[in-house]
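Quick note, the sequences are listed as chains A and B, same order.
Quick note: the first sequence, position 81, residue 81 per the UniProt record's numbering, numbers continuous.
Quick note: the second sequence, position 49, residue 49 per the UniProt record's numbering, numbers continuous.
These are calculated hints, taken from the structure and not from any lab test.
A quick note: this is a predicted structure, and the numbers were derived from the prediction, not measured.
Treat each hint with caution, since some may be false.
Remember, identical chains collapse to one label, so a pair may be satisfied in a single copy or spanning two.
[What the hints assert, rightly or not] Think about it this way: if two alpha-carbon atoms lie no more than 25 Å apart in a straight line, the pair counts; the simulated SDA-like pairs of lysine to any residue are:
#, residue 1, residue 2
1, 80, 203
2, 66, 168
3, 64, 75
4, 80, 36
5, 66, 97
6, 64, 8
7, 66, 40
8, 66, 50
9, 66, 52
10, 80, 27
11, 80, 173
12, 64, 185
Protein chains: 2
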Amino acid sequence: MNTETHAPALEFWFEFGSNYSYLSVMRIEAAAARQGVRVLWKPFLLGPIFRALGMDNSPFVLQKEKGAYMWQDMVRECRKYGLPWQRPSVFPRLGVLPLRVALAGEGEPWVGAFCQAVMQLNFVHDQDINSEAALAPLLEGLGLPAAEILAAAGSDAVKARLRAHTDEARARGVFGAPTFFMGEEMFWGNDRLDDALAFAAPTRP
Amino acid sequence: MNTETHAPALEFWFEFGSNYSYLSVMRIEAAAARQGVRVLWKPFLLGPIFRALGMDNSPFVLQKEKGAYMWQDMVRECRKYGLPWQRPSVFPRLGVLPLRVALAGEGEPWVGAFCQAVMQLNFVHDQDINSEAALAPLLEGLGLPAAEILAAAGSDAVKARLRAHTDEARARGVFGAPTFFMGEEMFWGNDRLDDALAFAAPTRP
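Extracted from the complex, chain A is given alone in its bound form (with noise of 0.2 Å):
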């Protein structure tokens, strides 16, 4: 596993309400590690992005016949990826406080594992994932501090950071999620996480 520093970085943008976004967080680390590239993690938020769109919701659920299909490709994509599946009631969920302990938490090495577990709240579990009553016990279970962290993700420079990767998005051409950036080079949608990391990788002898 190559994950030191100088290793090539993987900018991985992500939403918790977002369905796809859940299958390249539980599947994400292993992969990276498999190819010896790291993962920036980018928590933002897509509500923002949709609305500079013309869209005042999630495109899943304002085309009726995209998110019919897309409950039924969620179905089979699980089953694909081997991973737990459970159609959330309340679509999209709100995650703006799992983002701000997110970044709350950058670069810190438990990141991976809370992301993953805010995921599974919300599409194995059908639960609420935007309150501390929700996230303290996932950060417990972490063996986390969690009052210190959620104190951390309350604070105005995380929220101000939140809204800076978000008009960072923005100006970047992200409409959707999850996407991955090399550099300049976009991959958007679980389907190019692979390639993103193939593209990524150091090349092997």
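Based on these hints, arrange chain B on the given structure of chain A.
Frame of chain A; chain B shown alone:
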């Protein structure tokens, strides 16, 4: 190669103006033959589908960011599949006449080769595909009676069949191309071609 009529059949709904349909048109016959699956070519018009969904053009034209990404993605996808590629100077190109030709040849062994030739005209040679002058040489190149086939393509019966195909696509929840059906199971996008074929394939010992 198992393509006798009792082999399982995958419906392949496609449009000549659709760039992701280009990838599937070029790939599907060889991939289906490897899986022992027949291909049912289902030409339809995307324009009326998009209009029914409230869009007066391709989403790649209406959504600037998504369009910019798609052109970047196509370069990489064609490289991945070993397909030639030139970004068309007109997009999306009208392709109602070649769709009618493909319908006029329904069930004929030349349909796949004809569709590949039309797609190459659009996405490799950047040429008009919607005139008899453009299509006659393609048909002749396949050793076919061009005048006779073009006359059949212009018949009221074929025109009505193309409208009926488009209505059927809409009724079955199609919102883009390519789309694959095995029975009621729907797969959207060239990214799902392999999954659709695996789903359609007969169980192997």
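Verification of the supplied hints:
1. 80 - 203: So residue 80 and residue 203 pass the 25 Å test across copies only (17 Å; inside, 28 Å).
2. 66 - 168: between (27 Å within a copy, 16 Å between copies)
3. 64 - 75: So residue 64 and residue 75 pass the 25 Å test inside one copy only (18 Å; across, 31 Å).
4. 80 - 36: both (24 Å within a copy, 21 Å between copies)
5. 66 - 97: neither (28 Å within a copy, 28 Å between copies)
6. 64 - 8: Answer is neither; intra-copy 40 Å and inter-copy 30 Å both fail.
7. 66 - 40: between (30 Å within a copy, 23 Å between copies)
8. 66 - 50: both (16 Å within a copy, 12 Å between copies)
9. 66 - 52: both (20 Å within a copy, 13 Å between copies)
10. 80 - 27: Close inside one copy (12 Å) and across copies (22 Å); limit 25 Å.
11. 80 - 173: between (30 Å within a copy, 23 Å between copies)
12. 64 - 185: between (31 Å within a copy, 17 Å between copies)
Of the numbered hints given earlier, the model fails hints 5 and 6; all others are met.
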